[in-house]
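Student: As given, the protein sequences belong to chains A and B, one line each in that order.
Residue numbering for the first sequence follows this note's numbering, starting at 1 and increasing by one per position.
Residue numbering for the second sequence follows this note's numbering, starting at 1 and increasing by one per position.
Rather than coming from a laboratory, the hints here were simulated on the basis of the structure.
These numbers come from a predicted model, not from an experiment.
Fair warning: there could be bad hints in the mix.
To be verified - Derived SDA-like pairs (lysine to any residue); straight-line CA-CA distance at most 20 Å: (1) B:62 to B:38; (2) B:27 to A:9; (3) A:36 to B:105; (4) A:99 to B:29; (5) B:44 to A:3; (6) A:99 to B:26; (7) B:44 to A:9.
Claimed, not checked - Computed, partial: chain B to chain A, Cβ under 8 Å: (8) 45; (9) 65; (10) 72.
Here a beta-carbon is modelled for each residue, glycine too, at the ideal position from N, C-alpha and C.
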Amino acid sequence: GQQVMQIPQYQHVQEGEDFTTYCNSSTTLSNIQWYKQRPGGHPVFLIQLVKSGEVKKQKRLTFQFGEAKKNSSLHITATQTTDVGTYFCAEPLMDSSYKLIFGSGTRLLVRP
Amino acid sequence: NAGVMQNPRHLVRRRGQEARLRCSPMKGHSHVYWYRQLPEEGLKFMVYLQKENIIDESGMPKERFSAEFPKEGPSILRIQQVVRGDSAAYFCASTGQQETQYFGPGTRLLVL
Chain A
1 GQQVMQIPQY QHVQEGEDFT TYCNSSTTLS NIQWYKQRPG GHPVFLIQLV KSGEVKKQKR
61 LTFQFGEAKK NSSLHITATQ TTDVGTYFCA EPLMDSSYKL IFGSGTRLLV RP
Chain B
1 NAGVMQNPRH LVRRRGQEAR LRCSPMKGHS HVYWYRQLPE EGLKFMVYLQ KENIIDESGM
61 PKERFSAEFP KEGPSILRIQ QVVRGDSAAY FCASTGQQET QYFGPGTRLL VL
């Protein structure tokens with residue numbers, strides 16, 4: 001069945017260092033979404049990417065959708081302690097406009 | 001504009017008891033999703049409902065679990081005869097016309 005692989009599982013960085021998480025799908029996607037979940041919190045929608053090769057920025061966060069629309073990445077420049085949390089990608093299930101499949105998440109820890 | 005509301009935020013039950021989790025979608029949203037999240041894991045789709053209709057319950061265990069979204073009132077996820085393995089965070093999300101899912105704060109269920 002359709003799968004989404006997200007790596008790495010954990011990333012521990014020094015404040016100020018960069019961070020990247022990657023998602024790879026087994027299928028060509030119509031879109032991909034990214035969510036952030038703080039420790040003890042709930043997932044919060046960050047962004048949706050739709051176009052092949054699309055790049056979107058939100059302050060220090062850069063989101064990219066692959067040319068083949070099968071992979072995506074989230075890059076954080078100069079991490080801060082407020083970036084701590086788990087970042088999930090989510091892709092729509094093929095033949096379904098509503099069901100999302102979530103990656104296993106990348107847990108980011110930032111040393112002050 | 002109130003967000004997605006869930007209650008209770010924390011629920012403790014003994015094995016064999018029933019757990020009732022409530023979700024009120026964001027104002028104007030008529031689509032509700034329930035997810036389960038085990039510690040250190042991603043979100044697993046359970047069920048998708050619209051008012052008075054279960055659209056997709058493929059992620060829900062066949063026994064002991066049920067969900068409803070009545071014409072009036074919140075959506076309810078019901079777990080009968082809880083077992084220790086049911087301990088998890090249960091998140092509700094809602095959508096309007098677009099695919100972006102907005103999550104509630106979750107209910108942390110602990111089964112003793």
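Student: For each hint, tell me whether it holds in the structure or not.
Tutor: Now for the hints, and whether the structure bears them out:
1. B:62 to B:38: Between residue 62 of chain B and residue 38 of chain B the Cα gap is close to 19 Å, so the pair holds against 20 Å.
2. B:27 to A:9: violated, 35 Å
3. A:36 to B:105: holds, 13 Å
4. A:99 to B:29: holds, 16 Å
5. B:44 to A:3: Given pair residue 44 of chain B, residue 3 of chain A holds - Cα atoms ~13 Å apart, limit 20 Å.
6. A:99 to B:26: Roughly 18 Å between the alpha carbons, so the hint for residue 99 of chain A and residue 26 of chain B holds.
7. B:44 to A:9: holds, 17 Å
8. 45: holds, 6 Å
9. 65: Given a least distance of 17 Å, the restraint on residue 65 of chain B is violated.
10. 72: It is violated, given that the least Cβ distance between residue 72 of chain B and chain A is near 23 Å, above 8 Å.
Hint check: violations occur at hints 2, 9 and 10; the rest are consistent with the structure.
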